[in-house]
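So the protein sequences, as listed, match chains B and U.
In terms of the numbering used here, the first sequence opens at residue 586 and continues consecutively.
In terms of the numbering used here, the second sequence opens at residue 260 and continues consecutively.
Please note that a few of the clues may not be correct.
Covered by chain B, per the in silico footprint, the following chain U stretches (three or more residues, Cβ under 8 Å) [claimed, not checked]:
1. 287-293
2. 308-317
So, partial list: chain B residues that the calculated Cβ filter (under 10 Å) puts toward chain U [stated by the list, open to error]:
3. 625
4. 626
5. 628
6. 632
7. 641
8. 644
9. 646
10. 705
11. 706
12. 709
13. 754
14. 757
15. 758
Chain B residues, not near chain U, derived (Cβ > 10 Å throughout) [unchecked claim]:
16. 601
17. 602
18. 651
19. 743
FYI, nobody ran anything at the bench for these hints, they're computed from the structure.
Since the structure is predicted, the reported quantities are computational estimates derived from the model, not experimental observations.
Just so you know, even glycine gets a beta-carbon here, dropped at the ideal spot from N, CA and C.
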Amino acid sequence: MKKRRVFIAIAITALIVTIILISVKAYYVAIALIVGTLIMGHRELWSLIRRRKLPPIDERVRENVNKSIRNGFIFLVTALAFLMLPFSIRLIETPNTVNVLGGLFVSGGMVYLLSYLFYDRVEPRLGERGLRMLRIFLLVAGISLAAGIISVVLHNVIYGLFIHFFGADFWDRSGVGDEPVFFIIALLSVVAFAVGIIGSLVMFFKGLFSRSP
Amino acid sequence: MKTRIKEYRVKHKLTQEKLAEVVGVRRETIIFLEQGKYNPSLKLAHNVAKALKTTVDEIFIFDDSY
Numbered sequence: 586m587k588k589r590r591v592f593i594a595i596a597i598t599a600l601i602v603t604i605i606l607i608s609v610k611a612y613y614v615a616i617a618l619i620v621g622t623l624i625m626g627h628r629e630l631w632s633l634i635r636r637r638k639l640p641p642i643d644e645r646v647r648e649n650v651n652k653s654i655r656n657g658f659i660f661l662v663t664a665l666a667f668l669m670l671p672f673s674i675r676l677i678e679t680p681n682t683v684n685v686l687g688g689l690f691v692s693g694g695m696v697y698l699l700s701y702l703f704y705d706r707v708e709p710r711l712g713e714r715g716l717r718m719l720r721i722f723l724l725v726a727g728i729s730l731a732a733g734i735i736s737v738v739l740h741n742v743i744y745g746l747f748i749h750f751f752g753a754d755f756w757d758r759s760g761v762g763d764e765p766v767f768f769i770i771a772l773l774s775v776v777a778f779a780v781g782i783i784g785s786l787v788m789f790f791k792g793l794f795s796r797s798p
Numbered sequence: 260m261k262t263r264i265k266e267y268r269v270k271h272k273l274t275q276e277k278l279a280e281v282v283g284v285r286r287e288t289i290i291f292l293e294q295g296k297y298n299p300s301l302k303l304a305h306n307v308a309k310a311l312k313t314t315v316d317e318i319f320i321f322d323d324s325y
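The task is simple: from the sequences and hints, build the whole structure.
Put into structure tokens, the structure is as follows:
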């Protein structure tokens, strides 16, 4: 009964979000949400239609869901930071919020689906060493993300604080222009982030397409 | 890892669906177990062996070199 309620709650939430997305004319995001929900819930739906009951949530499903939540969360957070970085340093002059959120949604959703569908195949094939590498790459991505966000925030805060206490022309008088340290860290973290994410994807696909041990 | 789940299942005239129902898992989990693509917990391995009226080491064959 509890399972059925959770399933219905997820379905209603997805429906409400879809209606909201359609109302803001984010059609492709709505389509991605519908397709993603159908892919993830197709077994449950099929079982409901055929047997009028939901399939059990066994240990394999629970493990896959946990792993996909973890991986999806890591990717979503890193992708969010990656998208926020250009905003902070004003590389993108006219950001379209819906498109940015849409891209984030789609890419996060793709990784979520990939790990949901294939993680149990990747894990045994990578072996201990491969999994350690994957973990390192994910850590690099995560740490660089954190460093990037903190640097951007500190960059702005320090820039603002010095102007507040020492006057609007402080940075001109100091001779160093804008406060550069955190700005450089923020830029370097983008490179580290890219290395982390690309490395993770390489390890993931290496596991996916290698032969069984 | 290799398994003899299919062999025992056929011997007991059980379908994947029926075995899944007895063990309390999804049919896909039985498929993955039969193909040796999923390492089950000790509890699940024990339940599968019990449903097939055999022992864990009889249906799960581990390669020592791996």
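Results of checking the hints against the structure:
1. For the stretch 287-293 of chain U, the assignment as covered by chain B holds, since 3 residues bring a beta-carbon within under 8 Å of that chain's beta-carbons and 3 suffice.
2. Requiring three or more residues with a Cβ within less than 8 Å of a Cβ of chain B, the coverage given for the stretch 308-317 of chain U is violated, as only 0 such residues are present.
3. Against a cut-off of 10 Å between C-beta atoms, the interface hint on residue 625 (chain B) is violated, since the closest Cβ of chain U lies about 14 Å away.
4. Hint status for residue 626 (chain B) relative to chain U: violated, with the closest Cβ pair at about 13 Å, above 10 Å.
5. Because the beta carbon of residue 628 (chain B) sits about 7 Å from the nearest beta carbon in chain U, less than 10 Å, this interface hint is met.
6. At its closest, the beta carbon of residue 632 (chain B) sits 9 Å from a beta carbon of chain U; the interface hint therefore holds under the 10 Å criterion.
7. Taking 10 Å as the C-beta contact cut-off toward chain U, the hint placing residue 641 (chain B) at the interface holds, the least distance being around 6 Å.
8. Residue-level restraint check for residue 644 (chain B) holds (minimum Cβ-Cβ distance to chain U is 6 Å; threshold 10 Å).
9. Satisfaction of the interface hint for residue 646 (chain B) is found here, the shortest Cβ-Cβ separation to chain U being roughly 7 Å, below the 10 Å cut-off.
10. Satisfaction of the interface hint for residue 705 (chain B) is found here, the shortest Cβ-Cβ separation to chain U being roughly 6 Å, below the 10 Å cut-off.
11. Because the smallest distance between the Cβ of residue 706 (chain B) and any Cβ of chain U comes to about 7 Å, under 10 Å, the interface hint for this residue holds.
12. This hint holds: residue 709 (chain B) has a C-beta 7 Å from the nearest C-beta of chain U, less than the 10 Å allowed.
13. Because the beta carbon of residue 754 (chain B) sits about 66 Å from the nearest beta carbon in chain U, more than 10 Å, this interface hint is broken.
14. For residue 757 (chain B), the shortest C-beta to C-beta distance to chain U is roughly 64 Å, which exceeds 10 Å, and the interface hint is violated.
15. With a cut of 10 Å, the hint placing residue 758 (chain B) at the interface with chain U is violated, because the nearest CB-to-CB distance is about 65 Å.
16. Distance to chain U confirms residue 601 (chain B) as a non-interface residue, since its nearest Cβ pair spans about 28 Å, more than 10 Å.
17. The Cβ of residue 602 (chain B) lies farther than 10 Å from every Cβ of chain U, with a closest approach of about 27 Å, so its non-interface assignment holds.
18. Under the 10 Å C-beta cut-off, the non-interface status given to residue 651 (chain B) relative to chain U holds; the minimum distance is some 14 Å.
19. The claim that residue 743 (chain B) is not at the interface with chain U holds, since no C-beta of that chain comes within 10 Å of its own (minimum 51 Å).
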